[in-house]
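Enquirer: The residues making up each chain are set out below.
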Amino acid sequence: MANFSGQLINLFAALLLLIAFAMLSQRRVLSLINLFALQGLVLSVSTMIVANSSSQHHLYYSAGLTLILKVIILPWILHRLIRKLNIKWDVETLFNIPTTMLVGIALVVFAFNLAAPISQMAGTITKGTLGIAMASVLLSFLMMITRSKAVPQVIGFLAMENGLFFAATSATYGMPMVVELGIALDVLVGMFILGIFFFQIRETFDSLDLKHMEKLKED
Amino acid sequence: MEIFWILAIPLIGGLLLALFGCQRFAPELNSTMSFGTFLASAFLTVRVITDGPMTALNEQFFVDSFNVFLVALTAFVAFTTSLFSRPYMRIEQHHGKLTINMLRLYHSMYQLFTFTMLLALLTNNLGIMWVAMEAATLTTVLLVSLYRTPASLEAAWKYFILCGVGIAQALFGTILLYFAAEKVLGAGGTALLWTHLDAVKTQLEPTVLSLAFVFLLVGYGTKVGLAPLHNWLPDAHAEGPTPVSAVLSGLLLNVALYAVVRSKVLVDGALGSHFAGSLMMGFGLLSVVMAAFFLSRQKDVKRMFAYSSIEHMGLMTFAFGMGGAVATFAGMLHMTVHSLTKSAIFFAVGHATQKSGTQLMENIRGLIKTNPTIGWGLAIGSLAILGMPPFGVFASEFLIITTAMHTYPWTTPFLLIALGVAFAAIFSRVQTMVFGETNSPRLPHPPALVPVFVHLALVLLLGLYIPPYLADWYRQAAALIG
Numbered sequence: 001m002a003n004f005s006g007q008l009i010n011l012f013a014a015l016l017l018l019i020a021f022a023m024l025s026q027r028r029v030l031s032l033i034n035l036f037a038l039q040g041l042v043l044s045v046s047t048m049i050v051a052n053s054s055s056q057h058h059l060y061y062s063a064g065l066t067l068i069l070k071v072i073i074l075p076w077i078l079h080r081l082i083r084k085l086n087i088k089w090d091v092e093t094l095f096n097i098p099t100t101m102l103v104g105i106a107l108v109v110f111a112f113n114l115a116a117p118i119s120q121m122a123g124t125i126t127k128g129t130l131g132i133a134m135a136s137v138l139l140s141f142l143m144m145i146t147r148s149k150a151v152p153q154v155i156g157f158l159a160m161e162n163g164l165f166f167a168a169t170s171a172t173y174g175m176p177m178v179v180e181l182g183i184a185l186d187v188l189v190g191m192f193i194l195g196i197f198f199f200q201i202r203e204t205f206d207s208l209d210l211k212h213m214e215k216l217k218e219d
Numbered sequence: 001m002e003i004f005w006i007l008a009i010p011l012i013g014g015l016l017l018a019l020f021g022c023q024r025f026a027p028e029l030n031s032t033m034s035f036g037t038f039l040a041s042a043f044l045t046v047r048v049i050t051d052g053p054m055t056a057l058n059e060q061f062f063v064d065s066f067n068v069f070l071v072a073l074t075a076f077v078a079f080t081t082s083l084f085s086r087p088y089m090r091i092e093q094h095h096g097k098l099t100i101n102m103l104r105l106y107h108s109m110y111q112l113f114t115f116t117m118l119l120a121l122l123t124n125n126l127g128i129m130w131v132a133m134e135a136a137t138l139t140t141v142l143l144v145s146l147y148r149t150p151a152s153l154e155a156a157w158k159y160f161i162l163c164g165v166g167i168a169q170a171l172f173g174t175i176l177l178y179f180a181a182e183k184v185l186g187a188g189g190t191a192l193l194w195t196h197l198d199a200v201k202t203q204l205e206p207t208v209l210s211l212a213f214v215f216l217l218v219g220y221g222t223k224v225g226l227a228p229l230h231n232w233l234p235d236a237h238a239e240g241p242t243p244v245s246a247v248l249s250g251l252l253l254n255v256a257l258y259a260v261v262r263s264k265v266l267v268d269g270a271l272g273s274h275f276a277g278s279l280m281m282g283f284g285l286l287s288v289v290m291a292a293f294f295l296s297r298q299k300d301v302k303r304m305f306a307y308s309s310i311e312h313m314g315l316m317t318f319a320f321g322m323g324g325a326v327a328t329f330a331g332m333l334h335m336t337v338h339s340l341t342k343s344a345i346f347f348a349v350g351h352a353t354q355k356s357g358t359q360l361m362e363n364i365r366g367l368i369k370t371n372p373t374i375g376w377g378l379a380i381g382s383l384a385i386l387g388m389p390p391f392g393v394f395a396s397e398f399l400i401i402t403t404a405m406h407t408y409p410w411t412t413p414f415l416l417i418a419l420g421v422a423f424a425a426i427f428s429r430v431q432t433m434v435f436g437e438t439n440s441p442r443l444p445h446p447p448a449l450v451p452v453f454v455h456l457a458l459v460l461l462l463g464l465y466i467p468p469y470l471a472d473w474y475r476q477a478a479a480l481i482g
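Chains A and B supply the protein sequences, listed in that same order. Numbers 1 to 219, taken from the numbering used here, label the letters of the first sequence in order. Numbers 1 to 482, taken from the numbering used here, label the letters of the second sequence in order.
No lab work stands behind these hints: they were computed from the structure. Even for Gly, the Cβ is constructed at its ideal location relative to N, Cα and C. Mixed in with the good hints, there may be bad ones.
Stated by the list, open to error - If you anchor each label on the Cβ, the simulated ranges turn out as follows:
1) A:D206 x B:G96: 21 to 31 Å
2) A:N96 x B:A151: 23 to 33 Å
3) A:L181 x B:R297: 52 to 62 Å
4) B:T55 x A:M177: 11 to 21 Å
5) B:A42 x A:L181: 24 to 34 Å
6) B:F414 x A:I145: 30 to 40 Å
7) A:Q120 x B:H274: 21 to 31 Å
Please model the entire structure based on the sequences and the hints provided.
Expert: Here it is in structure tokens:
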């Protein structure tokens, strides 16, 4: 049984990595939000499997929290936002998707090397997936760098938080509950504030393209 | 009990001001709430002086001599800044830069920001400390973009993205710390409590902790404004309203540094080497040198003093990195005097820019002629921040540099050159702003300059005479940090 669930966890971890790469190359805002919701779902299911096979009951709560927050509430807010901002069918021009993918692969290799000594020390059944968690954090980071529009950048930021959550689950069976609740609250409040912020940017610049916002520089 | 009030008053204040922020008395309510927080922190301080360190609420909160002085300082500067912001924001409203709804947002967020700062200082749980630091970013993002100008929106976006990514690194560091702690303390709530971690720090896995510290330093270091992660800082300071610049420089940077120092104590215990200290010294020295050379190229007065904050935060990080009783003592003294001086300078600068209608230094002239108090406030504040005796900054910088000469002589030329360059840059600019001819009109409301002179008087006092209990307090804290 433990072996089977171990396999399942590895499968979901691989899916997570795949979704991270898909987000890196996705140009449509709408599909990006759906990918983000899917990532949340995979995260929630894998957390549930970990909870079941390690009999760590508090992980059920974090899985439920992830499900509510990252699969339902956040994508719902994002969907509403892009409808109200009228950017639902926005397509971003991304340069050099192949190069970005190659850089992404290099990041994955780097992440696995960085995680190797730590995952050897971990006593969890999920220790092999720590490398994947770090890789998805770094890939979200890369996604934020390559995007020039506000909404995709924020989705990258939220995906990074997903990666960190996965890292916490795979290395230590999750953080203490009070901390996880605090982080979830921060993410939710942050999303609301960003929602307001998008409208402010839009009102001032008439677009959510960040290339208008490169005035403040040292000369 | 005092801890409860310290946290409850700003939280309730934030909610009340969200409801009544449109009323005429909102600025006064804001000051009253801040005064209440300050009183509660004064009681807490007295209690810690008499009874020693304590924990509360199932060990979730923890006060020792290191954080209690920061709590008192934070509550004090938050109170004086709220006094300053009363006429300042009224003048801004008079100039048509702000609407009543923006003021409501401002007052409510100001209290919530104070709450997050105090929570980050008082909590014993390193996870909650992270949550509070992130919440502090969130509460200030909308304050930086309060004027809704293109530049302020850009600054706020940069602030959010850079600090958000930075603080995500700190979360990873916290996860690694928990990973190491869980092996010794067992899973569950206690493994992130600082008091428990401090007790078992020698047993924590050294490789994990060194990796964790790198992430924590980069993460919280972004909020401290350490080079090369400082890009958000000058923009956020220059484009936000001046009271926000004052609390960012005076409080937020200190609290972020506090988080770094707390982590350093654990890592030092686990590694038994100077790894953490060396990293902090490197980042600190780089920030001091970099900021000094950027200082001389600034045209905007708030940007210039923002770079000066980077320089001073670098100096403190360097001091804590060197470690040892004297350097740590000097670091804490510098934290105190820098907070007081820099917020006083921002108060004076705020009114000066309102009077001249611009933040460009070449257009600010003759402050002493039209508003002598603003002029003198800015002149004396600048002399204090530049480390002129007999102000407190001189004492702390002197201690830091003499320790550096003893233990790391190769750093001395860098420090001295950087301080010299900063002196030349700031002094020449301030001189032309303060003296000279002008025909700009007076302000519509009388400026609030009492806080400026109260702060500067305290800094002068700390330079001439440190009260024995305060010195004791710093010494105890220095022994804790090591």
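Enquirer: The structure should be examined with respect to each hint, and the outcome stated for every one.
Expert: Taking the hints in turn, this is what the structure says about them:
1. Roughly 23 Å separates the CB atoms of D206 of chain A and G96 of chain B, a value that falls within the hinted 21 to 31 Å.
2. With their beta carbons about 31 Å apart, N96 of chain A and A151 of chain B fall inside the hinted range of 23 to 33 Å.
3. At roughly 46 Å, the beta-carbon separation of L181 of chain A and R297 of chain B lies outside the given 52 to 62 Å, and the hint is violated.
4. Distance hint check for T55 of chain B and M177 of chain A: the Cβ-Cβ separation is about 20 Å, which falls inside the suggested range of 11 to 21 Å.
5. Taken as a hint, the range 24 to 34 Å holds for the pair A42 of chain B and L181 of chain A, whose Cβ atoms sit roughly 32 Å apart.
6. Checked against the given bound of 30 to 40 Å, the beta carbons of F414 of chain B and I145 of chain A, roughly 32 Å apart, stay inside it.
7. In this structure the supplied range 21 to 31 Å holds for Q120 of chain A paired with H274 of chain B, their Cβ-Cβ distance being about 27 Å.
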